[in-house]
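Residue numbers (the working numbering), protein chains in the order written: chain A, 1 to 262; chain B, 263 to 454.
If you are wondering where the hints come from, they were derived from the structure by calculation, not from laboratory data. We put the CB at the ideal spot given by N, CA and C, even for glycine. One or more of the hints may lead you astray.
Unchecked claim - No more than 25 Å apart at the CA atoms, straight line, and that leaves these computed lysine to aspartate or glutamate pairs for DMTMM-like: (1) A:K121 <-> B:E417; (2) B:K355 <-> A:D58; (3) B:K354 <-> A:D61; (4) B:K295 <-> A:D58; (5) B:K355 <-> A:D61; (6) B:K354 <-> A:E79; (7) A:K168 <-> A:D190; (8) B:K355 <-> A:D190; (9) B:K355 <-> A:E67; (10) B:K355 <-> A:E32; (11) B:K354 <-> A:D26; (12) B:K355 <-> A:D33; (13) A:K182 <-> A:E67.
To be verified - Computed far set for chain B versus chain A, every beta-carbon distance over 12 Å: (14) M263; (15) L348; (16) R388.
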Amino acid sequence: MFVLISILVLGILGFVFAGLLGLAADYFKIEEDPRVATILAILPGANCGACGAGGCHDFADRVAKGEIAVSGCTVGGAEVARKIAEIMGVEGHEVHKKVAAVHCGARENQRKKKASYSGIKTCMGADIVDGGGLMCSYGCLGYGDCFCVCPFNAITMKEGLPYIDPEKCTACGKCVAVCPRKIISLRPYDFPVVVACSSHDRGAETRKLCPVGCIACNICVKLAPEVFKVENNLAVMDYSKAGINCDPAVEKCPTKCIVKFV
Amino acid sequence: MELFGIFFAAFLINNILLIRFIALCSFFGVSTKIDTSVGMSLAVIFVMTISSAVSWVIFHFVLAPFHLEFLRTATFILTIASLVQLEELYMKKTIPALYRAMGIYLPLITTNCAILAVAFLAIDYRFNFVQSMVYSIGVSAGYSLAIVLFAYIRERMALAPIPKWFQGYPIAFITAALMSLAFLGFTNMFGL
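The shape of chain A in the complex, shown without the other chains (with noise of 0.2 Å):
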């Protein structure tokens, strides 16, 4: 008799309980875009933040209302574009695929110290501590902290440098925002040339400091005066341009310090 009672009980406490969220499920449902998660399924999944959204769920939901383009998603480019499109019944735009390149070219036996930094090995920390005892206050640091925040490991350090797997390479930006000398931006893929030079010191306090720095010769303007031009000694690239021919410029800087990446 009690065995029966306690079955009893305890099986009605679960009926009551099952019938009681049952219930609720169907009063509280929430009505959701079915598009949300097909579109959701296709994203990477990063969660990077890339597109302006607060992840991919975000994202897909904001792509449904029709509040960011179809093409917003930097990381999966012009593939996952298409698909979204395809899904909002919308004609996709075409993404031009961009990764990250490294605006400085010193390798760390290039690099001249003025002191012997100890501190904590990120360049957030050296950077803090007068530039980790760098001579050229723009140049890399080489702690890898861009490194270590790619979320895609496209980034390998290579004696003190980043250097960047453009097959990898999503652009999702994380990189040249953790950077704290600001020397990573995003180039266009099909246009691989790089000045790999952030310093607007003279041309004759540069030499000194580096063997590969930009002195703001001109030489690269005079070959190739569409692409470049020298803005606060040190060369620029409008990568607008794309499709110019620059080898003549790579060949000819004489420190080297444009880089073309084959």
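Let chain A serve as the given structure and place chain B on it in line with the hints.
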């Protein structure tokens, strides 16, 4: 005065984490960042208060009349698990902002031993309904205090030069032990 005593006994003197050593998994699991520990604390306060109220009612009006006190473990687990589900559904619909703030912690709490422990202890101490409510609020406030303090210490420790062998959990356990010793200092406070 009696309710005041119950609250402080639960809050400081018999702190659920540092003196009773219940719910240590979440104490170490979600205390690496202050934000997550605050979110977890809020969710614990919310769930613990409601679930101890409901389990008190179920114990005294369903189990006790049938003399089925021995079934309380199974019953309370059932009650708490379904209650948390219900709260989650309700919050998702009515207060989405709050759901986003503590939503991910709710399923974690379903299996949190502190919730079950409070439901048991309130019955073992033969509290009436109001007393058991005050008790559960005291316990959850004590939980919040301990875990948020611990999160502050761990955030500082993340940057401290700790010997290789002590990094991570070992130093966290040592810190927790020291905090526990400090909380022992509250014993016999208020003459309780």
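How the hints compare with the structure:
no., hint, verdict
1, A:K121 <-> B:E417, "holds (17 Å)"
2, B:K355 <-> A:D58, "holds (17 Å)"
3, B:K354 <-> A:D61, "holds (16 Å)"
4, B:K295 <-> A:D58, "holds (23 Å)"
5, B:K355 <-> A:D61, "holds (17 Å)"
6, B:K354 <-> A:E79, "violated (33 Å)"
7, A:K168 <-> A:D190, "holds (14 Å)"
8, B:K355 <-> A:D190, "violated (47 Å)"
9, B:K355 <-> A:E67, "holds (23 Å)"
10, B:K355 <-> A:E32, "holds (12 Å)"
11, B:K354 <-> A:D26, "holds (13 Å)"
12, B:K355 <-> A:D33, "holds (15 Å)"
13, A:K182 <-> A:E67, "violated (30 Å)"
14, M263, "holds (37 Å)"
15, L348, "violated (5 Å)"
16, R388, "holds (22 Å)"
Going through the hint list in order, the structure does not satisfy hints 6, 8, 13 and 15.
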